[in-house]
Amino acid sequence: MTSLTLVRRIKARPSIVFEALTTPEGISSWWGPDSGPVLSAETDVRVGGQFRVRFRMLDGSDHESTGEYLEVVAPERLVMSWRWTTGGELDEAGNLSRIAIDLKPIDIGTELTLTHELLKSDASRITHEQGWAGAIDKLARRFSYGAADRHEQT
Amino acid sequence: MVKYGASQLDRTFAALVDPTRRAILARLEQEQSASVSDLARPFVIKLPAVMKHLAVLDEAGLIVRTKEGRTVMVNLSPGPMREAMDWLSRYERFWSKSLNRLATYAESTEADARRKKR
Numbered sequence: 017m018t019s020l021t022l023v024r025r026i027k028a029r030p031s032i033v034f035e036a037l038t039t040p041e042g043i044s045s046w047w048g049p050d051s052g053p054v055l056s057a058e059t060d061v062r063v064g065g066q067f068r069v070r071f072r073m074l075d076g077s078d079h080e081s082t083g084e085y086l087e088v089v090a091p092e093r094l095v096m097s098w099r100w101t102t103g104g105e106l107d108e109a110g111n112l113s114r115i116a117i118d119l120k121p122i123d124i125g126t127e128l129t130l131t132h133e134l135l136k137s138d139a140s141r142i143t144h145e146q147g148w149a150g151a152i153d154k155l156a157r158r159f160s161y162g163a164a165d166r167h168e169q170t
Numbered sequence: 018m019v020k021y022g023a024s025q026l027d028r029t030f031a032a033l034v035d036p037t038r039r040a041i042l043a044r045l046e047q048e049q050s051a052s053v054s055d056l057a058r059p060f061v062i063k064l065p066a067v068m069k070h071l072a073v074l075d076e077a078g079l080i081v082r083t084k085e086g087r088t089v090m091v092n093l094s095p096g097p098m099r100e101a102m103d104w105l106s107r108y109e110r111f112w113s114k115s116l117n118r119l120a121t122y123a124e125s126t127e128a129d130a131r132r133k134k135r
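These protein sequence lines map, in sequence, to chains A and B.
Once you know that position 122 of the first sequence is 138 in the numbering used here, the rest is easy, because the numbers rise by one and skip nothing.
Once you know that position 78 of the second sequence is 95 in the numbering used here, the rest is easy, because the numbers rise by one and skip nothing.
None of these hints come from the bench; they were simulated from the model.
Heads up, a few of these hints could be off.
[Stated by the list, open to error] If you only want the chain B side, here are some residues facing chain A, beta carbon under 7 Å, derived:
(1) R58
(2) F60
(3) Y108
(4) L116
(5) Y122
For every residue, glycine included, the Cβ atom is placed at its ideal position computed from N, Cα and C.
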């Protein structure tokens, strides 16, 4: 399945992490793949509410992530749909993906688990059940760009 | 940012679910090209079953089959695999950088909250 899971242990209580994840002020301080600025952040944190975050990357390109909150359980769980727009155009063929964030209290603060998955048909459910995660790691190593390039030359 | 079609990614990942198909791809990655009967040899399953797996891989665009006389040769086609990897690496980069900063922000907010309490 096309899905990505990341875990972080954060020295802050879950309620603080939850606020950082959901308030425009919080989002503005961390959202984005590099240290480029967040241009605007709007959140309506309730089931069915929307979020919209615009940010600029260091290469000068503008991007927008929008979506809808699907589950809101403060300060434990947040599920939202995700769409990506680049330069005003829907990216990824307008693909919808889904992000689930779970916050678990631990001794030092919070364990955050984020899963981002491409929403798809039955195939993704099957792959999920069969434990795709391990396989993708191996394949990522095997199908390195180097190997692919070598193949194309032959 | 690169654009992707969902259905292509879908087919790619669906094709990769099966361990036999992954083994076939792994072998092709090593050998570039192999005949169908060569590919079938290490497996306990029969040739028709291997053919079915090859058809799925072909449909997903992961391999290319060409006829050389009476032999069907199979080659790896790296494009769709690369797309799937791109999707993953793009979001891995996005989230791992973002979550690092989120952690820094939340930790400093936590530290501030504790200071105020005292």
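To see whether the hints hold, each was checked on the structure:
no.	hint	verdict
1	R58	violated, 21 Å
2	F60	violated, 18 Å
3	Y108	holds, 5 Å
4	L116	holds, 5 Å
5	Y122	holds, 4 Å
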